[in-house]
Amino acid sequence: MPIELKEIVKFMKDLGYEVKVEVTAKSVVDELLGAFEGAIEEGTTSTEYLKRLKETGYGKY
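Residue numbers for the sequence shown follow our numbering, beginning at 3 and rising by one.
Any given hint could turn out to be false.
Cut-off 20 Å, straight-line C-alpha distance, at most; resulting in silico cross-link-like pairs (EDC-like, lysine to aspartate or glutamate) [what the hints assert, rightly or not]: (1) K8 with E24; (2) K8 with E20; (3) K22 with D32; (4) K56 with E43; (5) K12 with E24; (6) K28 with E43; (7) K28 with E39; (8) K22 with E9; (9) K62 with E50.
Hints listed in this document are in silico derivations from the structure and should not be mistaken for laboratory results.
Use the sequences and the hints to build the structure in full.
Have a look at this one:
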């Protein structure tokens, strides 16, 4: 049974501990957005790129 972070924080506060919860406004998607920019040539789709890699034998050796 998963426990929510809120429940854990409440439990720790009930035990007398001071708990600081840092909430970030960025999601994982926002963090990774643009991280791989330029990995695939401009104008090429990822499907075309993977097809070309398979044809060249990438990863077989």
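Against the structure, the hints come out as follows:
Of the pairs offered as hints, the one joining K8 and E24 holds, with about 12 Å between alpha carbons and a cut-off of 20 Å not exceeded. Among the hinted pairs, K8 with E20 is consistent with the structure: their alpha-carbon atoms are about 14 Å apart, no more than 20 Å. Restraint check for K22 and D32: not satisfied, since their Cα atoms lie roughly 24 Å apart, outside the 20 Å limit. Note on K56 and E43: the hinted pairing holds, with a Cα-Cα distance of about 16 Å set against a maximum of 20 Å.
A hinted pair counts as satisfied when its Cα atoms are at most 20 Å apart, and K12 with E24 qualifies at roughly 15 Å. For the proposed pair K28 and E43, the alpha carbon gap of about 28 Å is over 20 Å, so the pair is violated. Distance restraint check for K28 and E39: the Cα-Cα separation of roughly 19 Å lies within the 20 Å cut-off, and the hinted pair is therefore satisfied. In summary, the hint linking K22 to E9 is supported, as the alpha carbons are separated by about 14 Å, within the 20 Å threshold.
Distance hint between K62 and E50 is fulfilled; the C-alpha atoms sit about 19 Å from each other, no more than 20 Å.
Hint compliance for this structure: hints 3 and 6 are broken, all remaining hints hold.
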